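So the protein lines, in turn, are chains A and B. Note that UniProt numbering gives residue 355 to position 355 of the first sequence, counting from 1, and the numbers run on in steps of one. Note that UniProt numbering gives residue 257 to position 257 of the second sequence, counting from 1, and the numbers run on in steps of one.
Treat the hints loosely; a few may be bogus.
[Unchecked claim] With a Cα cut of at most 35 Å, we get these calculated DSBU-like pairs of lysine-lysine:
no., chain 1, residue 1, chain 2, residue 2
1, A, K685, B, K6
2, B, K322, A, K721
3, A, K719, B, K70
4, B, K222, A, K28
5, A, K721, B, K8
6, A, K185, A, K206
7, A, K28, B, K40
8, A, K267, A, K389
9, A, K711, B, K7
10, B, K311, A, K711
11, B, K6, A, K692
12, B, K6, A, K711
13, A, K139, B, K7
14, B, K7, A, K707
15, A, K191, A, K342
16, B, K6, A, K721
17, A, K267, A, K711
18, B, K311, A, K28
19, A, K707, B, K6
20, B, K8, A, K28
No lab work stands behind these hints: they were computed from the structure. Please read all numbers here as calculations on a predicted model, not as lab measurements.
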Amino acid sequence: MVKRKLGALEKVEADLPNLQHKIRRDPKSYVEDFRAQHFQYESHREIFMAAPSSATDTGIISLRDLIDFIAHVAECYPEIVKEFPQQLIDMLTQHHLVLESELREKIVGSLMLLRKKDLLDSATLLQTLFPILISTPSKTLRALLFQKILSDLRSSNSKATNHKLNRTMQTVLFNLVTSDRTSSKGLWAVKLTRELWKRQIWTEAKAVEVMKEASLSENEKVIVGGVRFFLGGDQERQDAEDESSDEEAIDVARIRHVVGINKKTKKKSRAVEKALATVKRKERKKHNPAPLNFSALHLLHDPQGFADALFSKHLQSSKSKLNLEQKLLVLQLVSRLVGLHKLHIMSLYSYFQKYLTPRQPSVTSFLASLAQASHDLVPPDVLEPLVQKIANEFVSEASAAEVASAGLNAIREICVRQPLAMNETLLQDLVMYKKSKDKGVMMAAKGLLSLYRDVGAEMLKRRDRGKEASMGLRSGEQKAKRFGEQEAGEIEGLELLEKWKEEERRKRRLEKGLASDAEDDEEEDEEADWNAWNVEDDEDSDDSGGWIDVQSEGEIELSDSEDEGGKPPAKKAKQGDSDEKQQQGDEEEDAQAQEKKLSTLATTRILTPADLAKLAELRAEASVNALLPGSKTRRTAQSNSARHIDDPLTAAEIEGLASLSAGKATREERIAHAKEGKLDRSDHKSTTARRKLKKESEGKSTTNKEKARRKNFLMTLGKAKSKGKRSLVETRAVLKAHQERQKRGGKRGNKG
Amino acid sequence: MGSSQKKKKEKQKDFQKAKLKVGKAKPKPDNFTDTSFRSKAIVLSQQSLNTAAPSTNTQFSHHLSLLSSKSDVQRKESLAHLTTSIASRPVNSPLPQPVSAILPSLLPLILDASNGVRTQLLKLLRTLPPSDIEDHVSQLLPYIRAGMTHLAADIRVSAVETLSWLVDVAGAEVVSCAGGWIKTINCFLSILGWHTEESSKWSSVGRSTFGKSGTQGKPMIKVLQTLGEFLEAGIGSPQDISMETDSTQEETADIFSAWQFPICHSAHHMIPTASAPYAYLNLFGQPRDEDGEMYETREDRYRVFSNRFMKAVQLGLENARKEGGELGRASAGATKVLKEASAYGVGP
Chain A
1 MVKRKLGALE KVEADLPNLQ HKIRRDPKSY VEDFRAQHFQ YESHREIFMA APSSATDTGI
61 ISLRDLIDFI AHVAECYPEI VKEFPQQLID MLTQHHLVLE SELREKIVGS LMLLRKKDLL
121 DSATLLQTLF PILISTPSKT LRALLFQKIL SDLRSSNSKA TNHKLNRTMQ TVLFNLVTSD
181 RTSSKGLWAV KLTRELWKRQ IWTEAKAVEV MKEASLSENE KVIVGGVRFF LGGDQERQDA
241 EDESSDEEAI DVARIRHVVG INKKTKKKSR AVEKALATVK RKERKKHNPA PLNFSALHLL
301 HDPQGFADAL FSKHLQSSKS KLNLEQKLLV LQLVSRLVGL HKLHIMSLYS YFQKYLTPRQ
361 PSVTSFLASL AQASHDLVPP DVLEPLVQKI ANEFVSEASA AEVASAGLNA IREICVRQPL
421 AMNETLLQDL VMYKKSKDKG VMMAAKGLLS LYRDVGAEML KRRDRGKEAS MGLRSGEQKA
481 KRFGEQEAGE IEGLELLEKW KEEERRKRRL EKGLASDAED DEEEDEEADW NAWNVEDDED
541 SDDSGGWIDV QSEGEIELSD SEDEGGKPPA KKAKQGDSDE KQQQGDEEED AQAQEKKLST
601 LATTRILTPA DLAKLAELRA EASVNALLPG SKTRRTAQSN SARHIDDPLT AAEIEGLASL
661 SAGKATREER IAHAKEGKLD RSDHKSTTAR RKLKKESEGK STTNKEKARR KNFLMTLGKA
721 KSKGKRSLVE TRAVLKAHQE RQKRGGKRGN KG
Chain B
1 MGSSQKKKKE KQKDFQKAKL KVGKAKPKPD NFTDTSFRSK AIVLSQQSLN TAAPSTNTQF
61 SHHLSLLSSK SDVQRKESLA HLTTSIASRP VNSPLPQPVS AILPSLLPLI LDASNGVRTQ
121 LLKLLRTLPP SDIEDHVSQL LPYIRAGMTH LAADIRVSAV ETLSWLVDVA GAEVVSCAGG
181 WIKTINCFLS ILGWHTEESS KWSSVGRSTF GKSGTQGKPM IKVLQTLGEF LEAGIGSPQD
241 ISMETDSTQE ETADIFSAWQ FPICHSAHHM IPTASAPYAY LNLFGQPRDE DGEMYETRED
301 RYRVFSNRFM KAVQLGLENA RKEGGELGRA SAGATKVLKE ASAYGVGP
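Model the full assembly from the supplied sequences, consistent with the hints where possible.
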């Protein structure tokens, strides 16, 4: 027999990682070895299954290593390992209670690995892991499973939304929450849903439904989890989004520069490619339209039913076990739902009655909730006693200034939403507080006053009404709204668009040399509009993209005066009726014409996308202009309407003015206030030292000059001595050499 | 300079005399060494002192517990002790502990990393009474199979040796217990590298498997011999295998068949001799697949073997015969078994 040559492989000590490596490189040749290891695994599994709890380390290779090994190379031999995933699942589900922790973690990890290699589908994996998550007593395993489940859901939704998987998972969570309302297991559903909502993986109504059921559960933790989701989930989502767009701003120029200097390796070039790819992806993402994500409160199916259930179950019933803090959370949610969807829960308002005393803990939250829960469809006679009570309890000369200002503020917030909740005597009484010596109270009273100048000036005393309101009242322009009266809907900023169009047309006509006032053929105009259908095609609107023209104050006035003088827009509409009509018509008639004009644009023609883009631009411009100093009335109007309907009203806003009346600040407070805006200066240092520190922290080195300055004195001595003895020729040579060096850019030079 | 001044002062300080003060302890010199000490004693309230040496039984169980020791020398010595105590017990006296108690601590040692431990283990196994082993074959086999497919060649060889012993002691049980037939043959094929036709076509005998090979040539011979024994036990023609069991059964069957109807079947109504006569029903275990199924009769085994393994084994044996030498001779034994079996066919 010929002496057989030993392969290099056979000489080395055999180990699984080595074999794994070999198999990766050449799966076909090592199939026999893999099969042997698979048999090995099978035997070990048999041994294990006979006695799962006494899984001792058998010899030098344990079941754990084998599982790891097979999971890592499974994709090379899909035929042999067909049953491997199912075996792991069985092992885990049947014995997870008694399994040794390391083996357990290894099995979970291997399952994830198999999922990644697509040897196992997501639904099966989640159906395996989720029941264990909610049943296992081990904390580490729960943490591991939660993380794995989350990452699997993320990865399966990363390319495209996996609707099927999401639906099944949501159904599982829904069933978990609804099946046993008293158990705290629903917390897992809450956690999972909240996390996925935050990452914008789940944005649909079904997820909201899960949270709705959670907040109607009977376990305090689950309730609070659900309620907090509705109160803060959307904010959290937005923050996460902002954060992700903020972070890791990659400086491409810097990367390119670094690559040019550092040693070139494959690894580094790969890193650069990756960085560039991410930058590219981000750019693309930026250009994409932002995904339309509704807030959770809007996605609720039956807000009235939900709010009713929440109120009666957690607040009204005497059996509810929630403490005050938790109750406040629920109350906030209920009141937000009521305010947002304009719901009617009559008993809610009488519920407040009990809590509206200055001695009630966290009463400002109650006040904020009450204000939030009032809207213009709440009957005024329900709100009136509450307002009266606040006024009686909070606002008096005897009460502390903070209390009075909080009460006034709360009353104002209620009345912003339902002005009819106030009666004349009370209002006139409260307005008197504008004379208060305390600044907080005074400001709060003035706020109330200015509100009623807008919405119900006739309730104020004549001298409090102010110029504009009394003029408006006399002309009949300003009228108090009646209960349930709604403003006619219109497209916001449409009049701006119309004005802009008019101007454009006039300009064009002037260019042609026609009379700017004359009626021209509409068809031509319209044709131009249809040509400029798309935003992209429209050169005019595109060149100003991203920039908003902020007009100076003078220009605004100019345009105003033009309006008064020429009144071309009004005329256009009128000319349709009668050409011969006199210019100086009644004011009322003019207003009518204005209204008519507003409706025409949207009803007579279709707004092209270009039109809409222009509309948005004009609206932005107008809002910026309104913020400029000058037009005071406009600004107040702005601030009243600035609050978005989705934003919650917080206790801090009710307390806001109280800080003004808090007397003199203590010395510490003043110091803290002074320090607020300044940078962190823990110790006194010179500017140079600071600069140096900054440089060091940025990882930059010293300049040549600094190096020269720092050089040891003794080292410079020799040169200094010889310097004086140099001959002229030597000096020249040195200077020349120096100059040369400077030109080259130092000893090593800039090139090569 | 400032610093040299300072240094001078410091130097002087060393030679200054420490001032003594009334009412204060004398300052300790610099080179003072603390020579005080505190003593601690461990007091044992009771000590287990026996005048008599521990009984053999307690020693036996002590060494049994030492089998899971970390040190392989310890394991080996314990095994040796157990071996001698079993071997030297009076004839016909029972074991110090029942086999069912000994085996669970012995089994993991089949996969032990140390060579000496494994050889000692085999010695111990050989001393155990064969009749007791028969009932525990199904426990033993998974460990043996795990050993046969182990990465380390030495462990593979010793596992094959263990299997050879087991076949010798309880051949019928080995081939008929759950998973004992197909899974074990699979292990054989994988150890010999005969699994697919492709792999047996190219390689020389004992296709080099991954890992450290043991001593050249020898292991293959051992494996082939054991394979022969195993096949003999499984599908050997019934005339020569279980001479005693089958022939006596047949004789009794002959006697019974001579009788009338109810009595001629009386053998089936007797109390069964096997320990778990209804094991094939698998009432309490995991559901089994084809590989893990029990093949209790020669007929079943032969059918499965000829369907799945016959071709590969024949080809492998043929190649081994071509190699000649000791290997060829070893293969001849297995070939003979195979020929007789196929001549006998499925059965009468």
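Now for the hints, and whether the structure bears them out:
Between K685/A and K6/B the alpha-carbon distance is near 29 Å, which keeps this suggested pair within the 35 Å criterion. About 95 Å separates the Cα atoms of K322/B and K721/A, which puts this hinted pair outside 35 Å; it is violated. At roughly 72 Å between alpha-carbon atoms, K719/A and K70/B are farther apart than 35 Å, so this suggested pair is violated. For a cut-off of 35 Å, the pair hint linking K222/B to K28/A stands: about 28 Å separates their Cα positions.
For the given pair, K721/A sits about 33 Å from K8/B by alpha-carbon distance, which is consistent with the 35 Å threshold. Only pairs whose Cα atoms come within 35 Å are accepted, and K185/A paired with K206/A is accepted, the gap being roughly 19 Å. Restraint check for K28/A and K40/B: the C-alpha separation of about 68 Å exceeds 35 Å, so the hint is violated. A hinted pair counts as satisfied when its Cα atoms are at most 35 Å apart, and K267/A with K389/A does not qualify at roughly 73 Å.
Taking the CA atoms of K711/A and K7/B, the gap is about 26 Å. The hint holds against a cut of 35 Å. Between the alpha carbons of K311/B and K711/A the distance comes to roughly 87 Å, so the proposed pair goes past 35 Å and is violated. A distance of roughly 32 Å separates the Cα atoms of K6/B and K692/A; the hinted pair therefore holds under the 35 Å criterion. With a CA separation close to 26 Å, the supplied pair K6/B and K711/A stays within the 35 Å bound.
Between K139/A and K7/B, the direct Cα distance comes to roughly 62 Å. Violation of the 35 Å bound is thereby established for this hinted pair. Annotation: proposed proximity of K7/B to K707/A holds, straight-line Cα distance about 31 Å (limit 35 Å). Restraint check for K191/A and K342/A: satisfied, since their Cα atoms lie roughly 30 Å apart, inside the 35 Å limit. Between K6/B and K721/A the CA atoms are separated by roughly 32 Å; this keeps the pair inside 35 Å, and the hint holds.
Between K267/A and K711/A the CA atoms are separated by roughly 39 Å; this puts the pair beyond 35 Å, and the hint is violated. Simply put, K311/B and K28/A have alpha-carbon atoms about 22 Å apart, close enough for the 35 Å limit, and the pair holds. Of the pairs offered as hints, the one joining K707/A and K6/B holds, with about 31 Å between alpha carbons and a cut-off of 35 Å not exceeded. Under the criterion of a C-alpha separation no larger than 35 Å, the hint pairing K8/B with K28/A is inconsistent with the structure, at around 81 Å.
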